[in-house]
Amino acid sequence: MSRKNSKSVTATLTTATCALLGTTATTPVNAQEEDTWEFDTALLYYAEDNDRVQDISFKMLAYRNFVDDRVLSMSLGVDSLTGATPIGAITFDGPQTFTSPSGGQVRTVPANEIPLDGSFLDTRVALAANWQQPLGRLSAFNAGVSASKEYDYLHLGANFKLSRDFNNRNTTASLGLAFSSDELDPVGGAPMPLTPMLDVDDLSNRMGDQSKDIIDIVLGVSQIINRNLVVQLNYSYSSSDGYLNDPYKIVSLVDPVTGDPVPRIPTPGVEGPSHEYIFEGRPGERTKHSVYGQAKYYMNGKVLDASYRFMTDDWGIDSHTVDLRYRWPFGGQSYLEPHFRYYTQAHADFYRTSLDSSQALPLHASADYRLGEFDAFTVGLKYGRKLDSGNEWSARVELYSADGSMPADLLIGNQGGREIYPDTDAIIAQFSYSFGW
Amino acid sequence: MKISKISRVFALAAALVLVASGCSSMGVEPWERDILAKDEMQLLSDPLEASIDDHIYFSKEASSGGRGFGGGGCGCN
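These protein sequence lines are chains A and B, in that order. Okay, so the first sequence: first residue is 1 according to the numbering used here, each after it adds one. Okay, so the second sequence: first residue is 1 according to the numbering used here, each after it adds one.
These are calculated hints, taken from the structure and not from any lab test. Where hints are given, some of them may not hold.
Claimed, not checked - In silico lysine to any residue, SDA-like type, Cα no more than 25 Å apart, as pairs:
#	chain 1	residue 1	chain 2	residue 2
1	A	K382	A	Y298
2	B	K38	A	K149
3	A	K149	A	L184
4	A	K161	B	L44
5	B	K38	A	L184
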């Protein structure tokens, strides 16, 4: 990334010289004499405890910097995912049998264990390209496309961004638009929301491919306050429309007194679920609003990066995120960067740990733990070193811990005191190398 | 979209404009940008790490975006 640095310094010096001489640069300053390439690469290991999700991935971001300030950037990401994830069914002191997502077999979860899906193996490949172009002296235009593919999911997206500098380039305002069109092709077909999990080979409540469309709008202002402080404020609007369910998530139907799952007897001669479960059903639309603020403060070589985000949506979820990083250079070419992140969210209006079998089904219901009420902390440390060549490597290790809380009004019968919310503990380890020529 | 949501959006847009107009008295001269030009002082100083973090938290939490676009792109949520 050293080239970017030298480019900015050169641009600053040229502008300063022009200002001192009483002239103005009439064309964008050409800060470099030839086109350059820069590459950021990273290897990531992400692992949750209790044999849950593991991800090993390789990410690369390549920049082609042209002499006239145009920039082409391209990114590639390959994720290899394994492990298991909670399916939403409630924990119970007896074994529970579930039909697999494909509908072709059953699997049994032992008593008192949080039901997870069968271990999965998935590969995700993501590609993106972005073109950045100055528009005159003070404005810039960005346009990009993105695509990603998993075996049951396809994403296609496009984004645009316009930015303009004001106040002697101390203020930058930007407007961004992004469109995303995603297709789901779940194993066995997407289940109809709020219909029962059926016996093996009964796919009568499965549908064909499903889709969702997402529109994002981001309005942003960044401001240089003084020589050591720069701040940013963004407002984001996001609207999703279509099949917003997780096709593999279910909700237990429980007895109103005991709070235990209601037993079910499969059709004679056929394997099937041991208890009554229904596939989750979320609303077909979601609108989110976010406000994001960030400050970067330089303190005699050290840099504090602090940000806060508030999000609210029409599913009833409010969240707060605080992120702090402190870059502490030492020895001329190295730095340490502690990282702390705190996240808290309220549960969605339709989040349920389980459903009372004596009541009519609600319009929407999901037991997905990610729609529940929880707090999460991330604590991490990064070490980075710049080499004599100008290239740089860094390594970081972080711990992520999410703990759910269960409002009493969501518990049914004697569910109090049971382990209902699947907490998450994960380790994030990353090695990065940046180079250019 | 409800009226209250629309008015909230307009209020936020107005706040952004106010912030931008109020900022005209702040800032630095062109020759005072030596520190601000450093890589580590860019608002997005490590785009690759930021995208990795965004992807992790998008998969585990009900919120996304804010810093940039938040929608779509993964079957993980």
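| Pair hint K161 of chain A and L44 of chain B, alpha-carbon separation not exceeding 25 Å | Answer holds: K161 of chain A to L44 of chain B is near 16 Å, not above 25 Å.
| request: Take the C-alpha atoms of K382 of chain A and Y298 of chain A, compute the straight-line distance between them, and say whether it is at most 25 Å. | output: 18 Å, holds
| request: Mind checking the alpha carbons of K38 of chain B and L184 of chain A for me, to see if they're no more than 25 Å apart? | output: 43 Å, violated
| task | For the pair supplied as a hint, K149 of chain A and L184 of chain A, confirm whether the alpha-carbon distance does not exceed 25 Å. | result | Cα-Cα ~10 Å, so holds.
| message | For a C-alpha distance cap of 25 Å, please report whether K38 of chain B and K149 of chain A respect it. | response | 36 Å, violated
The structure fails to meet hints 2 and 5 from the earlier list, while all remaining hints are met.
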